[in-house]
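Taken in sequence, the protein lines are chains L and G.
The first sequence begins at 1 in the numbering used here and counts up by one.
The second sequence begins at 1001 in the numbering used here and counts up by one.
To be clear, the hints were calculated from the coordinates, so they are not data collected in a lab.
Any given hint might turn out to be false.
Claimed, not checked - Where chain L lies over chain G, by a calculated footprint (3+ residues, C-beta under 8 Å):
# : segment
1 : 1052 to 1065
2 : 1159 to 1173
3 : 1177 to 1188
As the list claims (entries may be wrong) - Computed from the model, here is a short list of chain L residues facing chain G with C-beta under 8 Å:
# : residue
4 : Arg117
5 : Ser121
6 : Gln292
7 : Ala293
All C-beta atoms, glycine included, are put in the ideal place defined by N, C-alpha and C.
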Amino acid sequence: MKPKTTTTGLASVLALIAGMGAAQAQGDLVIGMQLEPPHLDPTSAAAGAIDQVTYANIFEGLTRFGPDGSVNPGLAESWDISDDGRVYTFHLHEGVTFHDGTALDAGDVKFSLDRARGEDSTNAQKGLFAGIETVEVVDPLTVRVTLAQPDGSFLFNMAWGDAVIVAPESVDQLKTNPVGTGAFRFADWAQGDRIDIVRNEDYWGTPAGLESATFKFISDPTAAFAAMMAEDIDAFSGFPAPENLPQFDSDPRFKVLVGSTEGETILSTNNAQPPFDDVKVRKAMAHAIDRQAIIDGAMFGYGTPIGTHFAPHHPDYVDLTGQSAHDPELARNLLAEAGYPDGFTTTLKLPPPSYARRGGEIIAAQLREVGIETEITNLEWAQWLEQVFRGKDFGLTIVSHTEPMDIGIYANPDYYFQYDNPAFAKLMADLQGESDPEARGEMLREAQRIIADDYVNGYLFQLASLSVAKTGVQGLWKNAPTQAIDLTGVSWAD
Amino acid sequence: MGGGAMLRYMVKKLLSLAVSLVVASAVIFLALEVVPGDPAANMLGINAQEETLAALREELGLDRGPVARYADWVGGMLVGDFGTSYTYRTPVSEMIADRVVVSLPLALYALALSTLVAIPAGIWAAARRGSGVDLGVMGLTQLGVAIPNFWFAMLMVLIFAINLRWFSAGGFAGWDAGVGSAMHSLTLPAVALALPQAAILTRVMRSALLDTLGEDFIRTARAKGLTRGQTLWRHALRNALIPVLTIIGLQFSFLIAGAIIIENVFFLPGLGRLVFQAISARDLIVVESVVMLLVFAVIMVNFVVDLTYAAVDPRLRRSR
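Next up, chain L with everything else stripped away, as it sits in the complex (with noise of 0.2 Å):
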């Protein structure tokens, strides 16, 4: 009886403890994340990670991307497109203030976008903004885009990170200390620990449900396992081990969160090295892959399978998995009749994330199986960038293509893989100018059915967003339209 009752009391006295810890958390969330961004302007680098800190919450663009993925309007409350579909006529919401206390106004959108697409411009997408001719102020608050071309996806462009609305008054100290609209600003970086920001009390919208959120950097997958597990942390988004979430999921304690991002994972081909020029092989490769093996034994089972770049949760997405599937015979005779009855040998160059180190193992050994030997070379990813990406010294590699609508590099015959396809090309510059959904959607559907039937890549599958939170923290997203952790519509649960 007695060493009940000590337990009982005992255990009385930790809930106790973990209350207090609770209570006190409220206004607060540490959310890890495992690349730490390595500075936060989101308008002068490719790095995710910035997004990931910066985007909605301390940055905010001209419109904005739901949690969905959708395009919602963000500093334009709305907008008026000219029949020709060439000029974009913005209206700001009013009463918009930077973090310094200066005011939005149609001057700081020319700013940010002139900025953007200028001569000295270091934006990592200064694509996005080649189609825009002028930039004109009407008035404070009304801003006029002029288009050389109609383009269907400008909106979609705006919505991006790097096309956010920054001020001339801060713009230089953007990297350390950044100074946006968002509803959180900036309050402190502790590199190579912690980033905090702090709710922004004069936000125009709707106010932040934290008063101040931490984002803190974990890289190593057991540590990031070990901090949640410890409740050092209340969330993290991008759980880097799939192999510990089962055990947080039947921890009820925690929840995982298993949504869908925007990373196609390919088998990257290089279209212009022998013998993937040749059609027929690169469909014996596509036939020789078994991709729900390579998503169970590399991704735990996460993630969704794809038979084309093309995002599945995409409205106009068109599963053609089928033309693809897993036939070893097939893939054999298809090498014989082009010729490699006995199979090639050729490389395999794999950046570091786990989804290409564990998926290009798998890979390998079923390419083995219909004879393609494969030499296999681990690369960092600034090897990656220069020996295969710029230098398009590669036969095969596996990378997940995370930019959103992301099919027109098909476009490219420049583009690392070196698909050449005239036809490709032609339909998606008539996608460029066309704005009817209804014969966008058409045309996307007909772009992906062209590159399946090329078999250009090797498409493996959709990269699945998983993110492990305490139960208590709701408004997370779970998709991932773009690399954001919006914490604007984030709260503790009572």
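Given chain L, put chain G in place with the hints provided.
Below, chain G alone, put in the same frame as chain L:
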């Protein structure tokens, strides 16, 4: 032992120190020059346009030749300017200062733990050679050397952070939070770092003491009528300290420069993690400066150890 001999010895050591630093700077710079990867391309990612890359390279000064960049770097360091990080765009010296306040205390903490455990344990084992105590201590050191410290670190996290909740699983509370909290957050990492060091040091202490105890002068001391304990404390220990000091010096260098894995396991914002991040981001100026600083620290530690030898063993001052 005149003051002149000590002075000559120091000048000689200082000269070799300077030469080592110059050679090290050249090697570090050359090594990073040949590493593939363009910092600008790395920062702007796969959608960057050629003109954007050129603009960034110019902004970073990467469009200039290697000789000019080397001269800038070395010239800057001589006046205490380590340059500006390519990616973070903050002065490298500030970044180093931020990280040193984590790495240095951690190294000292670990060194203190390992020395405090190892020296008494080594003496004890040597004094009771062949006894159960000796066997026990030696067995534990075998284990300490064999266990990888990152695994030991994870084990401690599992027990003390996840189950017992005595410590957090990682991170650094910061000195602003008070010395107590800061040291508290460095405790598990320090123990993990200290374990293999303590094991090695114990073995070195024990065997050095046993070697000395076998020497002729010990027999003479015993013959003069000193007890075993007296000989051990007055004669043997002082002579056995030379190899022990060497190992402590090596270990300190290792603790400052080599804590990368432990810093990653405990996600501590230390120097090791900075280098790790900077290498993958091709932030060459940060890598160069931090590695140079570490080389400097290692060389300085060795210099101090050399001087300590000379203090402990007067013969060294004359022979070198």
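Hints and how they fare:
Beta-carbon proximity to chain L at under 8 Å applies to 4 residues in the segment 1052 to 1065 of chain G; the threshold of 3 is reached and the given coverage holds. Interface restraint, the segment 1159 to 1173 of chain G with chain L: holds (8 residues with C-beta to C-beta distance below 8 Å; minimum three). Residues of the segment 1177 to 1188 of chain G with a Cβ under 8 Å from some Cβ of chain L number 0, which does not satisfy the need for three, so the listed coverage is violated. The beta carbon of L:Arg117 comes no nearer than 11 Å to any beta carbon in chain G, farther than 8 Å, and the hint placing it at the interface is violated.
For L:Ser121, the suggested interface contact is upheld, since its CB lies about 6 Å from the closest CB of chain G, less than 8 Å. Among the interface hints, the one on L:Gln292 is violated; its C-beta lies about 28 Å from the nearest C-beta in chain G, farther than the 8 Å criterion. Look at L:Ala293: its Cβ only gets to about 28 Å from chain G, farther than 8 Å, so that hint breaks.
In summary, the structure is inconsistent with hints 3, 4, 6 and 7 from the numbered list given earlier, while agreeing with the others.
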